[in-house]
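With the first letter of the sequence shown counted as 1, position 48 gets the number 1249 in the numbering used here; the numbers rise by one all the way through.
These aren't lab readings, by the way, just hints derived from the structure by calculation.
No residue lacks a Cβ here, since even glycine has one placed at the ideal position from N, Cα and C.
A hint or two may mislead.
As the list claims (entries may be wrong) - The calculated label-pair distances, taken between Cβ atoms and stated as ranges, are:
1. Pro1206 - Ser1244: 54 to 60 Å
2. Met1217 - Asn1247: 40 to 46 Å
3. Lys1252 - Pro1218: 48 to 54 Å
4. Tyr1246 - Met1217: 41 to 47 Å
5. Lys1240 - Pro1218: 31 to 37 Å
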Amino acid sequence: PMGMPIGMPMGMPMGMPMGMLMGMLMGMLMGIGLDSDLKAQKSLYNYQVQKSQYPL
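Build out the structure end to end from the sequences listed, making use of the hints.
This is how it looks when you write it as structure tokens:
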């Protein structure tokens, strides 16, 4: 309990970049996931459009 008030301010600057990096990584992963989802939807849409244009 004695070390808590001393450790908190010292730990904060250390934790902040770590939190930001984690947030950025999570954001990048989320963005990649969204990007691939959009690509998949677009290719699926294109496939459906082609099918409707060229019925077998």
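Hints, verified against the model:
1. Pro1206 - Ser1244: 54 to 60 Å: Taking Cβ atoms as reference, Pro1206 and Ser1244 lie about 56 Å apart, which means the hint holds.
2. Met1217 - Asn1247: 40 to 46 Å: Cβ of Met1217 to Cβ of Asn1247: about 44 Å, so the range 40 to 46 Å holds.
3. Lys1252 - Pro1218: 48 to 54 Å: holds, 50 Å
4. Tyr1246 - Met1217: 41 to 47 Å: Distance hint for Tyr1246, Met1217 holds at roughly 42 Å.
5. Lys1240 - Pro1218: 31 to 37 Å: Between Lys1240 and Pro1218, where Cβ atoms are some 32 Å apart, the hint holds.
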